[in-house]
Amino acid sequence: MSAADVSVLQRPNDKLVRRRAFNRGMEVLAWVAAALAVALLGVLVWSVAKRGASELNLDLITKSPAANEFSLNPTSGGLANAFVGTFIIVGIATAMALPFGILVAIYVNEFAPRAVKNFLSPSLDILNGIPAIVIGIFVFGLLVVGHGQSGLAGAFALAILMLPLVARATIEVLALVPNSLREASLGLGVPRWRTTLGIVLPQTIGGILTGTVLAVARVAGETAPLLFTSSIVGTSTSWNPTQALQSIPVAIFELSESATPADHARAWAAALVLLLFILFTSLIARWLANRSRRKIARAG
Amino acid sequence: MSETKGETVTASTTIETAVRVETKRQPLPPRERLERIFDIQGLDAIYGSKPALKGVTMEVYENLVTAVIGPSGCGKSTFIRCLNRMNDLVPGFRQTGAIRYHGVDIASGDVDPVAVRRTIGMVFQRPNPFPKSIFDNVAWGLKVLGMKDNLSDRVERALTQAALWDEVKDRLKASGLSLSGGQQQRLCIARAIAVEPDVVLMDEPASALDPIATQAIEQLLHQLKSEYSFVIVTHNMQQAARVADMTAFFSISRGAEGERWGELIEYDATEKIFTAPSDKRTEDYVTGRFG
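Note that the protein sequences, when read in sequence, are chains A and B. Take the first sequence: its letters are residues 488 to 787, numbered as in this note's numbering. Take the second sequence: its letters are residues 8 to 298, numbered as in this note's numbering.
In isolation and in its complexed conformation, chain B is listed as follows (with noise of 0.2 Å):
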């Protein structure tokens, strides 16, 4: 006990977080040397006349699972959404700015956004499986897109990704509905990667999750990264330093007639972000100081 007393003390040097950070992971290479996937300039996002996000402009790195934090109403969600076109959905959605992926805007008009998703996959925040057996949840996007050879080695397989398929096998043709929530949101997950994405986004995957379910998905992340680039928001900071490799920080700032917009405050390795970061707001949000 007396050592650990010790360590506190010469960590003094450094901020007090509110989160501690896993110092097991591997140092990330130098930025030039990772693979750009997303190249993001100036995004602005709008929802009918109320701006969502301003002049967020950043890059997202192949293999690498990239966190985005930030309060409540700092446009994390949004920003997402506009990483695979899913807010073309949204009646009175308007963005600008580009979204350069592998060195095409994929937010210019003449890019099929059934194509982006096609690429950059996503889970949603509440799990939300299709009304089929657990097989054909998995099963029917591969049919739909026309991956219908070996159909039921992809599913074991996306299953297993997912580390459900110890859990399910013995009961595919059971509803999705019948799984706990945490099964029904790796069920997503394995949905999500059977259909071969290079991206894959999480919306706050875990946030209606409990902690087994939580930990069971970021163990997941871990495994998955070799072989898929994860964004993933959340608004649970332990989270993010547990999982990212880098981290984005959200914000909410004010203009001078009240209006509100989320905006990119800072973006840098995970460990940086929060034993480190360069900006007080971060600094703030990460002790726990505001949000």
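For reference, chain A alone in the conformation it holds in the complex (with noise of 0.2 Å):
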């Protein structure tokens, strides 16, 4: 054996062949099926837009829907009380979601001992995997039972919605503040509190915008919460959030009800919005990720 046997590596050989034809197949399997994901969105989104972009205009937007004494779905004007009320409802929910948050992402990432911190976070992905109506149901019960319903109500339920997804994302950018930091601050004889609030949290500010904005984006398109706490509207445009508020995601399910044609180009026009708007906050909290990821990393 002094020279080594190199046509070894030339002959054609069975197991190769096939172990080759397999190898090509998985591959192909894989392309197809992400190529079928991206088709999917693709799809959606282009069916959505077919159907909706006739009745897509400013009035959409801007204007009040008509009252039409005979049904209670009016067929003419825009959506603007929908528009309105999404934008109070998920305003409001933000407010409350986004400090709570933020502060039960503090305490799990920075304070809870390990114990504690095991059961803090698995609380909060089960809080995470609640259906919505169930939500719904739930705040249905201690809000709008008695008091009937409420934009603030249904701020309420979404919030709820929120939480989680806020909390979850704000710890998981704690974690990536160097613990170096931390010492530096401590070090220095800082309690732990100020050494968070001064040095920790702005590390964190983009991470926390991006898990703000996936989190708008996906409680903006939630219709159950909202179909128990602030559904039973009239067609006016109102900013009072005391007072039940209509919203996108309701406004496409009744007029997807009605029996006029009309109504159903409009609810497809409704749903286009929302995705436009879903689509462009993801696209944004996106690029705020990237770029937290960067100043963190730099500052480690």
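Be aware that one or more of the hints could be misleading.
Unchecked claim - Derived DMTMM-like pairs: lysine to aspartate or glutamate, alpha-carbon spacing no greater than 25 Å straight-line: (1) A:K604 <-> B:D95; (2) B:K155 <-> A:E659; (3) B:K139 <-> A:E670; (4) B:K139 <-> A:E659; (5) B:K57 <-> A:E670; (6) B:K232 <-> A:E659; (7) A:K782 <-> B:D143; (8) B:K232 <-> B:D173; (9) B:K61 <-> B:D275.
To be clear, the hints were calculated from the coordinates, so they are not data collected in a lab.
Since each chain sits alone in its own frame, please combine them into the complex, following the hints.
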């Protein structure tokens, strides 16, 4: 065995041929699956756009629906009431969920003993997994029974949905902050809460924003909780969250139940606006996430 | 050249160390005349169920540079992190024994660790400036700790003491992270001394730096020790020989069942440790036979 026998490298070999074919087959399968996922998104956006484009105009966003004495569902005018309602409800929900979620995350990542952390972390995941309709009926029983529907009740339901999303995103970005920064501050004799507020938290703002934007995009399209809490509405546009407010997803649901084809078209148009909003916010979230990751990487 | 040869012949009566000890250092007064800052008695440190240190008993003196040397894993870092309660932050860490700082046992439960760290500052192995401007890196601690009067004077003084002022005075608003590694470490030293601690602990402050930056930091220690007391961990024996007045040698001991822990082997004046150690293990270490 002085010279290596290299002929084996070139000899055709049944096993090798089969292995190559199998490898090739799996590669194609994976590629097709990935392509299908993207195609699904494309078809979805395209079909919503095709059906909704005809009704997509400025009136849709700026005009209230015209009152119609024959139908609960107005057949003309825009959906300004729904856009304003969603804006207010989601805005209030964010105002409630954001500080609460950040505090939860700070406790879990910065202060909680390991045992408590091991309990809190999965609890947030379970909260995240609770179906929206269950949260809707819970808030219905808690706030709506006896008081009536309101934008605030709707916002509260959406805030419960947002809380685990914001908290989870914040925990993840807090965990990225290098411990050496905390030690630097603590080593000066700075108390822990000042260290958290002054050194740790500023590093995570980008990540928290990302999580919040994603959470907003997620709950802006939620229908079930709002059906229970903020759906019995008139046609006028209201900015008052103590009353029930119309919202885009509920409007889409109601319009799609209507007998008139014009309502269907408007439902598609509203769906298109919602879809564009979510696509847009997701892109912003991605951009923010990349930026903050680079920033934290530099600080490490 | 022949003169140097002659010297080595006379020196052969003492042991031949891997490290040449500078002799221009002033001789230390006898230990009884030195002011004690730390009086450490029977210190044990445990991470979870793994012992890191056993039975450390030593004293640390004021306005001296005290070096802690020893092989990797001998508990040097654990030891100085005990001195300002930095290990409190490590989950599962426990310690027993007493660490009296000017007579107060700072290891006991009723002492506030934040106040301890306020008095006993720390500089870490890797430079860790805040992601803030150079000015704010020094000023933030001052502001938070209520030393807001003459803020810019205090910042300038700290940066001057850390021998960094001339290099950064024109760009105080630049990010602390834009500095080189050695400058960042001097910034961290400025940040630590700005809040006027009594003791500065340094955990291998030059291990991540090049020789020139290392030299700058060693010179700093010489200049600042009239104002502060330093305890410095180093794995670099030459560095200990150059900067330290007192040197503590830690090593690893092994138990019957294979468990390992760090122990203080010998603690004495630096010159004694490097030229005439009384323990065989110290001699092996400083002559480069082990570690």
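Each hint, compared with the structure:
{"no.": "1", "hint": "A:K604 <-> B:D95", "verdict": "holds, 18 Å"}
{"no.": "2", "hint": "B:K155 <-> A:E659", "verdict": "violated, 35 Å"}
{"no.": "3", "hint": "B:K139 <-> A:E670", "verdict": "holds, 16 Å"}
{"no.": "4", "hint": "B:K139 <-> A:E659", "verdict": "holds, 22 Å"}
{"no.": "5", "hint": "B:K57 <-> A:E670", "verdict": "holds, 23 Å"}
{"no.": "6", "hint": "B:K232 <-> A:E659", "verdict": "violated, 43 Å"}
{"no.": "7", "hint": "A:K782 <-> B:D143", "verdict": "holds, 18 Å"}
{"no.": "8", "hint": "B:K232 <-> B:D173", "verdict": "holds, 21 Å"}
{"no.": "9", "hint": "B:K61 <-> B:D275", "verdict": "holds, 19 Å"}
In this structure, the hints that do not hold are numbers 2, 6, in rising order.
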